[in-house]
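Q: Kindly generate the complete structure, drawing on both the sequences and the hints.
From first to last, the protein sequence lines are chains A and B. Following numbering that gives the first Met the number 0, the numbering of the first sequence begins with 0 at its first residue and continues without gaps. Following numbering that gives the first Met the number 0, the numbering of the second sequence begins with 0 at its first residue and continues without gaps.
Do not take every clue at face value.
Note that the list lumps identical chains together, so a pair holds whenever it fits in one copy or between two copies.
Unchecked claim - Below, computed lysine-lysine pairings styled on DSSO-like, alpha-carbon distance capped at 30 Å:
1) Lys238 / Lys260
2) Lys210 / Lys183
3) Lys258 / Lys127
4) Lys210 / Lys127
5) Lys60 / Lys89
6) Lys4 / Lys60
7) Lys260 / Lys127
8) Lys4 / Lys166
None of these hints come from the bench; they were simulated from the model.
So you can see what is in the structure, the chains are spelled out below.
There are 2 protein chains.
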Amino acid sequence: MKLIKDINFLIVGLGLLGGSYAKGLKNIGFKVSAITKNEEDIEYAVNNNIIDYGSTEIDPKIIGEADVVIFALYPHIFIDWVKNNQQHFKSGAVITDVTGVKGSVVYAIQDILREDVEFISAHPMAGKEISGVKNSDPAIFKGANYIVVPTEKNTESAIELCENIGKMLGFQRVSRLSVEEHDKMIAFLSQLTHCIAVSLMCCADTEGMEKYTGDSFRDLTRIARINDEMWSELFLNNKSDLLSQMERFRTSFDELYDKIKNSDREGMREMMRCSTVRRGLFDKE
Amino acid sequence: MKLIKDINFLIVGLGLLGGSYAKGLKNIGFKVSAITKNEEDIEYAVNNNIIDYGSTEIDPKIIGEADVVIFALYPHIFIDWVKNNQQHFKSGAVITDVTGVKGSVVYAIQDILREDVEFISAHPMAGKEISGVKNSDPAIFKGANYIVVPTEKNTESAIELCENIGKMLGFQRVSRLSVEEHDKMIAFLSQLTHCIAVSLMCCADTEGMEKYTGDSFRDLTRIARINDEMWSELFLNNKSDLLSQMERFRTSFDELYDKIKNSDREGMREMMRCSTVRRGLFDKE
Numbered sequence: 000m001k002l003i004k005d006i007n008f009l010i011v012g013l014g015l016l017g018g019s020y021a022k023g024l025k026n027i028g029f030k031v032s033a034i035t036k037n038e039e040d041i042e043y044a045v046n047n048n049i050i051d052y053g054s055t056e057i058d059p060k061i062i063g064e065a066d067v068v069i070f071a072l073y074p075h076i077f078i079d080w081v082k083n084n085q086q087h088f089k090s091g092a093v094i095t096d097v098t099g100v101k102g103s104v105v106y107a108i109q110d111i112l113r114e115d116v117e118f119i120s121a122h123p124m125a126g127k128e129i130s131g132v133k134n135s136d137p138a139i140f141k142g143a144n145y146i147v148v149p150t151e152k153n154t155e156s157a158i159e160l161c162e163n164i165g166k167m168l169g170f171q172r173v174s175r176l177s178v179e180e181h182d183k184m185i186a187f188l189s190q191l192t193h194c195i196a197v198s199l200m201c202c203a204d205t206e207g208m209e210k211y212t213g214d215s216f217r218d219l220t221r222i223a224r225i226n227d228e229m230w231s232e233l234f235l236n237n238k239s240d241l242l243s244q245m246e247r248f249r250t251s252f253d254e255l256y257d258k259i260k261n262s263d264r265e266g267m268r269e270m271m272r273c274s275t276v277r278r279g280l281f282d283k284e
Numbered sequence: 000m001k002l003i004k005d006i007n008f009l010i011v012g013l014g015l016l017g018g019s020y021a022k023g024l025k026n027i028g029f030k031v032s033a034i035t036k037n038e039e040d041i042e043y044a045v046n047n048n049i050i051d052y053g054s055t056e057i058d059p060k061i062i063g064e065a066d067v068v069i070f071a072l073y074p075h076i077f078i079d080w081v082k083n084n085q086q087h088f089k090s091g092a093v094i095t096d097v098t099g100v101k102g103s104v105v106y107a108i109q110d111i112l113r114e115d116v117e118f119i120s121a122h123p124m125a126g127k128e129i130s131g132v133k134n135s136d137p138a139i140f141k142g143a144n145y146i147v148v149p150t151e152k153n154t155e156s157a158i159e160l161c162e163n164i165g166k167m168l169g170f171q172r173v174s175r176l177s178v179e180e181h182d183k184m185i186a187f188l189s190q191l192t193h194c195i196a197v198s199l200m201c202c203a204d205t206e207g208m209e210k211y212t213g214d215s216f217r218d219l220t221r222i223a224r225i226n227d228e229m230w231s232e233l234f235l236n237n238k239s240d241l242l243s244q245m246e247r248f249r250t251s252f253d254e255l256y257d258k259i260k261n262s263d264r265e266g267m268r269e270m271m272r273c274s275t276v277r278r279g280l281f282d283k284e
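A: Put into structure tokens, the structure is as follows:
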């Protein structure tokens, strides 16, 4: 399947990410529709040129017209949606997603999906602390990473289509990972960091600390403002990977604690030099 | 002492912070000199209108002309410097600093200092991951916090002078804390966050992770690029406060770990909601 301008995109779930996809694709010139639960989000998106049209209903016509369907839903809602509504997909349609964990989603969807429709999973590593279509903005993809997560069931053409969506939307780097590699990586890079930020914020006891804070604390806890419904689901869907990454971190943290306690200055400096070198690799280009 | 434009400032230690102070004060119209160890930093600062003049030597004339001396040195160098060179201070001079820990510095300096010179300590909560006078920029003070740390030995006029320096430089909020309050606060807000970032960076084992990372990991580890000489000294100078804050964090982190392990979704969500509310207080105005 080629990415020609007359293919139709359908976004299911018009929040921050769904809206940013929609706007980005529409800016390029694609026809973009949406199905989402709130009428006002559809109205806002139509009025602000984010989508061409949309519905709050499971509209067989809208679904049947779509060549590519992008799901931006919570994992369990996504699986139920496909189970209940897949009869409406156009034959030959490709569906993809933005879900933050893959093991608990990708195989489940591919197992239940009609044989004439292909699901190729993707994870756009972009977001904001504020949600909703009104905050959507394809600029969040700039400089960000986009991971395609194929399985043995996927065709090369669908994988490439999915990669092209990431490239078109302006992601800086488009990569492929297996489901298992992805979930391990995400447990470390994303879920563990959220656990740290939440734990840090929860153990703060002093009132009025914001009067004395520097940017280091602000940056580290930016993600402590967290959507508890979504993240608790993501954590539990990737529980064993997340727990083992939390254990890794705790070992490293305890090591530094012991070095400070023992006034082992050279040992502390060694860890700091290691972290400095490694962190150098992570700057945005 | 009033802040009139004809008072002379001397900066000792012309790095990122010293240079940013110098530039900010000179922009306002003050006469600013500097003493620092590298000749090229003096040259750069003079050529770029950061200071009026400076020296790499302990120049009694430069020191004796200064009404206010700002020390931007490592703690132990600061104490030695005052011990060895305080005979050159002008009678009635006020000295201040930018040191990140206070308990191990403030009393030591006030104990050895001549009676006709006053030391009022301050902590500008601003910085960058890159150092040196060439990266200095008073814009780093914008929106940041500035803490004055007086003791019983300080006069109200020196405290106000010190507060006025913070206000003039453009800090958003100027506050006062006792030495003990400051060090406890800083152990939590600044040192603990650096410990977390370093530990996280050190436990990363997978190669090429930067290809898959999102902004949350980048933000959380920004400060993992760390000056090991300075921070190991700051950690050890505030060891007991830091260790107890590390223990607080670990208790909170373990609590979240247990909730995930037990699939206690409501317990996880409660911590996330707590962190979300608290983090809301920390946004810059």
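Q: Compare the structure with the hints numbered earlier in the document and write down the numbers of the violated ones, lowest to highest.
A: Checked against the structure, no hint fails, so every one of them is satisfied.
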